[in-house]
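Trainee: Sequence:
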Amino acid sequence: MTPKANQELARDAGKRIHRFHGGLHLRHNKKISCELAVERPPLPELMVVPLFQHAGDVASPLVSAGDTVLKGQAIGQCEPCAAVHSPVSGVVERIEDRPMTHPTGQTGPCVIIRPDGREHWTELKPIGDWRTASADSLIAQLQECGLAGLGGAVFPTHAKARDGRERNIYTLILNGVECEPYISCDEMLMREQPDKIILGARILRRALGARRVVIAIEDQMGSVERALTGAAACTDCENISVIKVPMIYPEGSERQLIQVLTGLEVPAGGRPSDLGMVCQNVATAAAVADAVVEGKPLIERYITVTGNGISKPRNFRALLGTSFSHLVEACGGYTEDVERLVVGGPMMGYPVTTDDTPVVKRSNCVLALTHQDVAEPQPEMPCIRCGECARVCPAILLPQQLHLQIRNGLWDQAQAHGLSACIECGCCDFVCPSHIPLVEWFRYGKSEQLRLAQESEASDRARRRFEKREARLLRVKQERAEKMARRKKMLRDKSAQQARIRASIDRAKNKNETRPASGEADDA
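Under the working numbering, the residue at position 380 of the sequence shown is numbered 804, and the numbers go up by one with no gaps.
Simulated from the structure, these hints should not be mistaken for lab results. Since this is a predicted model, take the numbers as computed values, not measurements. We put the beta carbon where it would ideally sit given N, CA and C, even for glycine. The reader is advised that the hints may include incorrect statements.
Unchecked claim - Below 30 Å or equal to it, Euclidean Cα-Cα: the simulated BS3-like pairs (lysine-lysine) are:
#, residue 1, residue 2
1, 620, 736
2, 439, 668
3, 549, 620
4, 901, 913
5, 912, 901
Claimed, not checked - Cβ-Cβ distance ranges computed for the label pairs, FRET-style:
#, residue 1, residue 2, range
6, 868, 556, 49 to 57 Å
7, 665, 445, 24 to 32 Å
8, 895, 718, 51 to 59 Å
9, 893, 844, 28 to 36 Å
10, 647, 556, 33 to 41 Å
11, 837, 857, 22 to 30 Å
12, 448, 531, 32 to 40 Å
13, 718, 868, 43 to 51 Å
14, 864, 459, 31 to 39 Å
15, 448, 503, 38 to 46 Å
16, 521, 837, 31 to 39 Å
17, 653, 888, 54 to 62 Å
18, 805, 633, 47 to 55 Å
Make the full structure from the sequences, and use the hints.
Mentor: This is the structure:
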């Protein structure tokens, strides 16, 4: 498809609502966490700030044990990824490896800060007039302030903005669709801070060079629609539309949302910018406004603490580095029958073994489940090839076929059938009558593919090093042979020259010997 055609499609995004393949109609449980206003919890005694909070590499620490830090001060740097900042003023006690808030449960470097309670800010450097600022300066500000996608992927915002600008995108989509049954942090943000979201949308639109903004929300968010529409009624808010979409899981996924708004699929291995669009979360837009207008880095976020295992579910505006246990305590603690703690929603979330886990940029929900909420483990039975998993798969894959290929180690076939396109939404798990943990198999398959790719790359690097070594040794051998040949030739030439000299001398001697003496000639 040509760039001009993409521009036309992006221009019409949201004017007609489409459907994506599959999906589920799930019962939502958002109301229990939306009854109370959003507040900041009390300041914790200790903050654990992981240096790995974004897509990409781990940030390098900029502080050491014993250093005094200010609120908003950069404590980790990662080029070209996002920076990490201190959420409080205080003293760095140590930097050590701790379990990070990550599905793998892996450990990583964390900066342990003891707050001093004074909340002294570092010097902030806002952009004076963002309306006249260059796009490059706006994008650089997003990087300096450590912004990353707050919808869950935590892809650095500045990198996404730069890509969109380079590709001359037309439409900026703000994703306010929370399709997970329990998560309501974005809904509360849109209710309480619509002006900030609209301001962030305008700033992002300038940074991207976009012409239009579409804010997508679920069709049951009536109060959110009124709040955002009212905030977007300002004179400088032209071409900003609030679009309601049907409540179907996993419509909040970037690719599925774009398909609903345009009827098009993002190309396999491609990006929304290939279609003339960039998608950002509404919370990211609010963080953009803070970063550009006030110069504040990303050090806090809205987070839902909910579930039947929580005494008083609610949403918080929590500092990054706050432990889940501290948030649960601020909600009145656990109920007696709590059984499992999950980060994220029940569909795409992952369990954690300890509530000492800290809030990070990707943390949108802490879900405490009771015994009644957690289904009893069922024995995995053979696949009966019913096709239900393929019917609900939003990525239009064949999960039963992928499962068979992964179990048998047919990695090339699994890749050819689109394993990398799986968004791990859990729809196939939800409907499988054989209780096959398909998402676990797909995660395993992806990790194995990554491992094999890394091994292949390591093997290629070793082969290239061996080939370079062999070429170098051959070159040295050839150079030595050439040097030896030149020396032998020089010796041969020298010997030949000496032989010629000796021959000349011998000829001269012979000539002198055969010449008659002068006395003998006179006698004659």
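Trainee: The structure should be examined with respect to each hint, and the outcome stated for every one.
Mentor: Against the structure, the hints come out as follows:
1. 620 <-> 736: holds (28 Å)
2. 439 <-> 668: Judged against 30 Å, a Cα distance of about 11 Å means the pair holds.
3. 549 <-> 620: Since the Cα atoms of residue 549 and residue 620 sit roughly 19 Å apart, the hinted pair holds (cutoff 30 Å).
4. 901 <-> 913: Distance ~18 Å between residue 901 and residue 913 Cα, so the pair holds.
5. 912 <-> 901: Holds, at roughly 16 Å.
6. 868 <-> 556: 49 to 57 Å: Holds, at about 52 Å.
7. 665 <-> 445: 24 to 32 Å: Given about 25 Å between the Cβ atoms, the range holds.
8. 895 <-> 718: 51 to 59 Å: holds (57 Å)
9. 893 <-> 844: 28 to 36 Å: Once the Cβ atoms are compared, 34 Å apart, the range 28 to 36 Å for residue 844 and residue 893 holds.
10. 647 <-> 556: 33 to 41 Å: With Cβ atoms ~35 Å apart, the hint holds.
11. 837 <-> 857: 22 to 30 Å: At 25 Å between Cβs, range holds.
12. 448 <-> 531: 32 to 40 Å: Since the Cβ atoms of residue 448 and residue 531 sit about 34 Å apart, the hinted range of 32 to 40 Å holds.
13. 718 <-> 868: 43 to 51 Å: holds (44 Å)
14. 864 <-> 459: 31 to 39 Å: Between residue 864 and residue 459, where Cβ atoms are some 35 Å apart, the hint holds.
15. 448 <-> 503: 38 to 46 Å: holds (41 Å)
16. 521 <-> 837: 31 to 39 Å: holds (38 Å)
17. 653 <-> 888: 54 to 62 Å: holds (58 Å)
18. 805 <-> 633: 47 to 55 Å: holds (54 Å)
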